[in-house]
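These are the residues of each chain, in order.
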Amino acid sequence: MQFMLLIHGDELAMMENTKVDSSGMSPEYAAYNEAMAKAGVVRGGERLRPTATATKVSIRDGKTELLDGPYADTKEQFGGYYLIDVDSMDDAVAWAARCPAAQFGTIEVRPIWQTR
Amino acid sequence: MSGDEAACTAERVARDSYGRLVAFLAARTRDVAGAEDALAEAFTAALRMWPVDGVPLNPDAWLLTAARRRQLDAGRRRQTRTAGAAQLKIIAEELDEMAANPEPIPDRRLALMFACAHPAIERGMRTPLILQTILGLNAIEIGAAFLVSPATMGQRLVRAKARIKDIGIPFRIPEREELPERLDAVLDAIYAVYSKGWAEIGEADAPALVSEAIWLGRLIVSLLPEQPEAKGMLALMLYAEARHGARRDPGGRYVALEQQDTTLWDIPQIDLAEELLSAANRSGPSGRYQIEAAIQSAHAARRLLGVRNWPAIVALYDHLLALTGSPVVALNRAVALAETEGPDAALVAIADIAQDRRLQTYQPFWAAQAHLLARAGKKSESHQAFTQAVGLTADPAVRRYLLARRLALADA
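These protein sequence lines are chains X and S, in that order.
Here my numbering is used: the first residue of the first sequence is 1, the next is one more, and so on.
Here my numbering is used: the first residue of the second sequence is 1001, the next is one more, and so on.
Derived by calculation from the structure, the hints in this document are not laboratory data.
It is possible that some hints are incorrect.
[To be verified] If we take Cβ atoms under 7 Å as the criterion, some of the chain S residues that face chain X in the derived model are:
no., residue
1, V1052
2, V1055
3, T1387
4, Q1388
5, G1391
6, L1392
Beta carbons are placed, not taken as given, at the ideal position from N, Cα and C, and that holds for glycine.
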């Protein structure tokens, strides 16, 4: 079964808490990625740049609207994701608990809606 | 009495009596969910009425009578559709019986625990069931402890209770010949509560879970005083609990058993464990919990004698491994073997169990390997094993500890 682990949190706190080393990654995340890879569960995953670099796009009544970040109205931002393939929701939750961001943010575990 | 005081009394009664009332209410009907529902309504009624009318002299009996009436009402409503006459009769009889003898409520919690840990109940659900029926924890609390979503945990609890009712799992203490095996399942379920609390020591809820487990351990020892394994399990929990204060330094950092300051160990707690263990050893053959408690006793000897008897610890692990065949026991045995025969012998022993798929995502397996590889001078392999252990832990203190140990490899 495939699940998405969606990492939400205060992006400023996230930057503070996971110091990136010369490899461009924090040692906690590097170890987490390696553990996932070795367990053969990870199908994909990326870290996102902060919302200051983001733009929201919507079309309402035929009119296109663009809104640049950061967005003052949200305390938690979407910061990155993993796509994993495990036996059960329980296993997915266990991997979410191991994610370094679970300490100061929230990991949302979402089953993938298979469409093919 | 103020509303607050009445609320406090109701809560105290809830903690003291919850399991006893559930066990009593469900004993004959086997309807655990129905008993819980009726009891929940009785508690709601108590919180509404006691602040006005005063707390009754015997709150337990009051709650039980109220809950019985709810069960009876619910049964009557159902009866218009289905035939539940026999069940209604039982409940009505018990109500009359209670009205006639206002004696203390008989303690049927042990029977309830045996029902919850029955072989027909899925192994993984036995502990959650006991937590809910005996202690009154809800699906949100239990789900958090077991890393299962609250809704899923709720459904599983409902299914497990339905199973007790549907297949008629008996509410009784098993006969002598099947008691040891069935008792093991009950003890395992209680010990699992402790392990959860122990593993999550950094979390706010964990100390509560640990004290619930010890409370259940004391309960089972008091209900089955002649069973050595029950004493062994309680002793095992107390030995581990005695080291509670030494497991983190003042900065909240993880401290390994070897590095712990033994003056921080709780000596009265250890003494109590030693007493329980020797009482257990006197009264019967050694089972899993007695052996594990004996191993803890050997570790505790460091506090008193300054040394540890590693050959004895290895021998105890050999015995335990023969008894359980558990890969986790094999892992602990290998770690102890490093103290008598060196890290290379331990690594050979670990290689034998490394194929076990269950160990691949078991953090202590990688941490133990990392330590042994470091001692054997295999730095790059040790580095890899530390990395794997860091990635598998959910505890930030353990994560920091392992990262620091990995960093120390380069300087060694």
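A quick look at each hint next to the structure:
About 43 Å separates the beta-carbon of S/V1052 from the nearest beta-carbon of chain X, more than 7 Å, and the hint is not met. Interface hint at S/V1055: violated, since its Cβ lies 42 Å from the closest Cβ of chain X, which is beyond the 7 Å cut-off. Against a cut-off of 7 Å between C-beta atoms, the interface hint on S/T1387 holds, since the closest Cβ of chain X lies about 5 Å away. Interface restraint check: S/Q1388 against chain X, minimum CB-CB distance 5 Å, threshold 7 Å, status holds.
The closest approach between the C-beta of S/G1391 and any C-beta of chain X is roughly 3 Å, which is under the 7 Å cut-off, so the hint is satisfied. Residue-level restraint check for S/L1392 holds (minimum Cβ-Cβ distance to chain X is 5 Å; threshold 7 Å).
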